[in-house]
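Can you make the complete structure from the sequences, with help from the hints?
Numbered according to our numbering, the sequence shown spans residues 497 to 796.
Hints listed in this document are in silico derivations from the structure and should not be mistaken for laboratory results.
C-beta atoms are modelled at their ideal positions from N, C-alpha and C, and glycine is treated no differently.
Among these hints, one or two may not hold up.
Pairwise CB distance ranges (calculated) [said to hold, decoys possible]:
(1) Ser583 / Gly716: 56 to 64 Å
(2) Gly689 / Ala650: 25 to 33 Å
(3) Asp625 / Glu552: 36 to 44 Å
(4) Ile618 / His740: 27 to 35 Å
Below 20 Å or equal to it, Euclidean Cα-Cα: the simulated EDC-like pairs (lysine to aspartate or glutamate) are [as the list claims (entries may be wrong)]:
(5) Lys531 / Glu552
(6) Lys690 / Glu734
(7) Lys601 / Glu713
(8) Lys600 / Glu649
(9) Lys646 / Glu712
(10) Lys551 / Glu590
(11) Lys715 / Glu624
(12) Lys601 / Asp589
(13) Lys600 / Asp557
(14) Lys575 / Glu624
(15) Lys644 / Glu590
(16) Lys646 / Glu590
(17) Lys529 / Asp619
(18) Lys646 / Asp625
(19) Lys551 / Glu574
(20) Lys578 / Glu590
(21) Lys575 / Asp632
(22) Lys679 / Glu791
(23) Lys577 / Glu624
(24) Lys753 / Asp632
(25) Lys601 / Asp555
(26) Lys601 / Glu550
(27) Lys601 / Glu590
(28) Lys679 / Glu734
(29) Lys578 / Asp589
(30) Lys636 / Asp589
(31) Lys646 / Asp557
(32) Lys715 / Asp557
(33) Lys498 / Glu552
(34) Lys601 / Glu712
(35) Lys531 / Glu550
(36) Lys729 / Glu765
(37) Lys646 / Asp628
(38) Lys529 / Glu550
(39) Lys531 / Asp544
(40) Lys690 / Asp640
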Amino acid sequence: MKIVIAGGSGFIGKKLSKLLLDEGHYIKILTRKAKQSSGNVQYIQWLDGAASPEKEIGDTDVVINLTGVSINDGRWSEKHKKQIYHSRMEATDELLRIISLLPKKPSVFINASAIGIYPASIDAVYTEDSLDVSDDFLGKTVFDWEAKAKQVEAFGVRTVFMRFGVVLGNQGGALPLMVLPYKLFVGGTLGHGKQWVSWIHVADVVRAIHFVMNNEEIKGPVNVTAPTPVQMKDFGKEISSVLHRPHWLPVPSFAMKIVLGQKSALVLEGQHVLPQVLVENGFSFMFPSLHTALEDLLKV
Numbered sequence: 497m498k499i500v501i502a503g504g505s506g507f508i509g510k511k512l513s514k515l516l517l518d519e520g521h522y523i524k525i526l527t528r529k530a531k532q533s534s535g536n537v538q539y540i541q542w543l544d545g546a547a548s549p550e551k552e553i554g555d556t557d558v559v560i561n562l563t564g565v566s567i568n569d570g571r572w573s574e575k576h577k578k579q580i581y582h583s584r585m586e587a588t589d590e591l592l593r594i595i596s597l598l599p600k601k602p603s604v605f606i607n608a609s610a611i612g613i614y615p616a617s618i619d620a621v622y623t624e625d626s627l628d629v630s631d632d633f634l635g636k637t638v639f640d641w642e643a644k645a646k647q648v649e650a651f652g653v654r655t656v657f658m659r660f661g662v663v664l665g666n667q668g669g670a671l672p673l674m675v676l677p678y679k680l681f682v683g684g685t686l687g688h689g690k691q692w693v694s695w696i697h698v699a700d701v702v703r704a705i706h707f708v709m710n711n712e713e714i715k716g717p718v719n720v721t722a723p724t725p726v727q728m729k730d731f732g733k734e735i736s737s738v739l740h741r742p743h744w745l746p747v748p749s750f751a752m753k754i755v756l757g758q759k760s761a762l763v764l765e766g767q768h769v770l771p772q773v774l775v776e777n778g779f780s781f782m783f784p785s786l787h788t789a790l791e792d793l794l795k796v
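Take a look at the structure:
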């Protein structure tokens, strides 16, 4: 298949591109900087005033949008929050424009999203059927992003919103920062410890995207989380167990808020999210338990 990936050079995009290339697919990566194409990978410049990516894309079977300023980098100043929001709106608007101009429309449009759309809660359990939307910054960003992406349906294209949980990887995402205190022998529970961590191994993220791409019955929101979310206090204990480091020094909420500002919500608040759509459609997780996922990622 011919597959267009926006954000193909990022944390998830690189691993997804490798999987698709290993299967023999032809990949077209949209990039702001011109790069030399090679083999089954073609780099196409976009989001540049002089660029006309639709002329180079031609026929494509799948469009995957992973683009957006990372929520994990830097403090959430008002400027950074605007960058997080507008980078997603701008990229999705451009993909809408590109798809509208393609003579042959792709069969599926897969758009990145996040479980941050659900309100933080200790008691609630969320599936794709849940209609509650958080009224905080992340909730608004994800809600607007999905609404924008949904416009692709007007072209008769199957559209999927991949609501990523806390993606665990050893080369990006949240895990390196969560592990660092334990490596320094000062690891402990963050905040009150009851907040939920709906995590997923990055390998399963990539496999889930591939699964959805090939399953014509799946559309709309898809929770991309492992089937076994845990509370923060237990997440820390698992890191401690795998690394053979102590879990003893609690980090109070006020300290996290001083260090991280508004971004502290990423670790002090959480949602209990289940991957109902993936499970019901027969997706098999490579890493269904946190312990095996951490053992794989934190090989000591």
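- 20 Å Cα cutoff - pair Lys575, Glu624: Violated, at about 31 Å.
- Item | Pair hint Lys577 and Glu624, alpha-carbon separation not exceeding 20 Å | Violated - the C-alpha atoms of Glu624 and Lys577 are around 26 Å apart, more than 20 Å.
- Message: Next pair to validate is Lys646 with Glu590; report whether the Cα-Cα distance is within 20 Å.
- Response: Cα-Cα ~14 Å, so holds.
- Sort out whether Glu550 lies within 20 Å of Lys531, counting only the CA atoms. holds, 17 Å
- Message: For a C-alpha distance cap of 20 Å, please report whether Lys529 and Asp619 respect it.
- Response: violated, 45 Å
- Would the pair Lys601 and Asp589 pass a check requiring their Cα atoms to be no farther apart than 20 Å? holds, 16 Å
- Task: Mind checking the alpha carbons of Lys644 and Glu590 for me, to see if they're no more than 20 Å apart?
- Result: holds, 11 Å
- Message: Given the hinted pair Lys601 and Asp555, is their Cα-Cα distance within 20 Å?
- Response: Given that 20 Å is the threshold and the Cα spacing comes to 8 Å, the pair holds.
- Query: Do the Cβ positions of Asp625 and Glu552 conform to the proposed distance bound of 36 to 44 Å?
  - Reply: Holds, at about 40 Å.
- Message: Tell me if the straight-line CA distance from Lys601 to Glu590 falls inside 20 Å.
- Response: holds, 15 Å
- Item | Agreement of Lys529 and Glu550 with the hint, judged by alpha carbon distance not exceeding 20 Å | The hint holds at about 16 Å.
- Message: For Lys646 and Asp625, compute the direct alpha-carbon distance and say whether it is at most 20 Å.
- Response: This hinted pair holds, its Cα atoms lying about 17 Å apart.
Hints 1, 2, 14, 17, 19, 23 and 40, counting from the list given before, are not met by this structure.
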